[in-house]
Each structure stands twice: as C-alpha cells, then as structure tokens.
Amino acid sequence: MAVKRAASGSTLTRYFAREIHGAVLMVLLGFLALFAFFDLIRELGDLGVGNYQLRQIFTFVVLSIPTHAYELFPVVVLIGTLYVLAHLASNSEFTVMRAAGLTPGQAGRMLVRIGVVFVLITFVIGEWVAPYTEQAAQALRIRSMSSLIGKTLESGLWFKDERSFINIREARESATVTGLRIYEFDASYRLRQISTAERAVYRGAGLWQLTDVVQTQFHDGVTQVNAFKEADWRSAVSPELLDVLIVVPERMSAWRLYTYTQHLASNRQKTERYEIAMWKKLFYPFATLVMMALALPFAYLHARSGMVGLKVFLGIMLGVFFHMLNSLLAHLGLLQNWPPLGSAVLPSVVFLLSALVMMWWVERR
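Mapping the sequence shown onto my numbering, position 194 (from 1) lands on 194, and the numbers just tick up by one.
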C-alpha cells in the first residue's frame, strides 16, 4: 500500500509539474513579447541619435530580454500556477484528488518540489545571465549614442579612492576613459597633487596607463608642474566599478554588489542601497516558492466561487502588488535606515503569511 501510494504521489507530482511548467513557459513568452514590444517603441524615439540605428535598437531589445525574464519570473510563476490550479478546480479534478487523500500539506510539499526548478532558473538568470546582458545592452546604447557616464553632472563622474578624489569626464567603455583628473590629499586632507590625463586605459591588476599627463604638486607653498607623455596609475577604481554606473544596482549580480559594497565601506561611503539590492538578489529566487504558495488556496475555492479568468486576473493583480511592495519597501528601508536584510525579505514574508492565512480561511470553510 505504501509503495502504491508513493507511486501515485510521484505520478501526481509529474502531472502537476508538466502542467505548471508548460503554463509558466507560455505566460513568460507572452510577457517577454509584450515587454520587448514596449522596449522597441521606446527606443525608436532615439533612432538616428549618433550611431543608434535599427540594428543597434534590435540588439538592445534582445539583450534586455533576460533582465525582464528575471524581474517577471515570480509574477509569471504565480499566474501560471494559479491558472493550472484554477483550471483543475473548475473541472473538479482537484476535488477528486482531495477525495483520494491529497491533503493541503501534501499539495504544498508537491508545489515546493516543483518550484525548486523555478528557484534555480531565477538564480541562474539573475546572477549569471541578466547582469551581463544588461551591461552589454547599456554599453551598446552609450557607445552608439555617444553618451557620457555620469551625464547628470556637468563635471562628469566622481569617485573616492582612499584620500584621492577622481573625476572622469567621459567613459564610453569601462576600460577606457578620457578627461581624467585625480585630486590627491595628505593625511590632514590638504591638497597635495593634481594629476590630469587625456586618456586612461586599464591594463589589469589595478593598473591604468595614462596618456598626456600633467602633474601639479603642492608642497610648503611651492608649486611644481611636471608633464609626461605616459604614466602608470594604480587605483581601486576598476572597469567593474565603472560598470556599476552603467547597470543599476537592482540589475547587478550579487557578487558584484558585494564587492562594490566592500569598496564603498572601505572608503567610508554609504552602502545601504547596494546592501539592500544584494540581499534582494539573494532572496528574490525564493519569491517563486512564495508565489506558488499564494496560488494554492485558489485551488480550494469551488468552481462556482469564480471563473478561471477571474482567478488569473486576481493573480496578475497580486503579482503587480508584489512588485510594487518590493520596490516600495526597498525605498522606505533606504529612507528610514531599516536593516538591509529586513527591507529585502519583508515583501516575501508578508506574502507568505498572506498565503498561510488564505489557506487557513479556505480550510475552515
């Protein structure tokens, strides 16, 4: 009997997995097509700016797809799972399964086993695929449109590296910058030296090669100016740090967020925004399991309580609300100085508790 029940449970899990995976895939493709169309319409507004032509626009849209897939995955899993469960409930299939002995706990564990695949897919896309395609997309756009990194400041981009302040006028590629100025201070934060270079190329291991360098030194009221055709400059500023300004923190990998947070902390700069983004990145894949738990109570509602379409619409609304709450709490945590871990985890905790309350309510009915 135990062997027969185990075999039956395995068959049921495979059946649910096939239905849910298929539904999630179809919903994901639909959403990606929709978002790609929106991206295309938006980017066509910049057609002809610099070298930004149709080829570059289509490449940008394609490279943006993994980022959309990562951001939409919990919502897509919610809608796909909810559709399958609601469809089974409307056909009384789920009622038959319950009569055959499927308890809520067993159904929940079955969804967790199915959802592990979604957790892994979300993690892989968010950590290894989306950050690099997003970086490539933004770099392509910047190079094509001849835009400047840090263009919101008229003076360019600013960095702090120990007791040095670094200004970069233009960086179309993270490994090559132009218009570099380095302001070096002593231990008392008195200006010791100003270095300017027309061009800087990263050679690896923290070494930059400067071209057309002018150094102005200040010592005991004496000013000395030296000019060099080429010079070496060692700094913690690297192409990886410049890439941070091309890709917003929420779209970076967790490892890159961690390294950049360490750099900011070592220079006594604020790290909260990047810490929140890092913790969100680590816990975001598990939001797919929370979304599946949120869909489970809908399977226990009788078919007369609502149609499949209505339940799917509710799933879309819940997914939109999850995204809004995720962004809202991240900003509130930043403004109110909440612990970064709490700001990142709170939306998933709220939705998980909501799923448990809903499950308790439908069981009592």
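One or more hints might be untrue.
Label pairs and their computed distance ranges (CB to CB) [to be verified]: (1) Tyr189 <-> Arg55: 48 to 58 angstroms; (2) Arg163 <-> Val248: 22 to 32 angstroms; (3) Arg192 <-> Met317: 33 to 43 angstroms; (4) Leu47 <-> Tyr183: 35 to 45 angstroms.
Because the hints were derived from the structure by calculation, they are not lab data. If you're wondering where the values come from, they're calculated on a predicted model, not measured in any experiment. Here a beta-carbon is modelled for each residue, glycine too, at the ideal position from N, C-alpha and C.
- Task: May I ask which of the numbered hints given earlier this structure violates, with the numbers listed in increasing order?
- Result: 3
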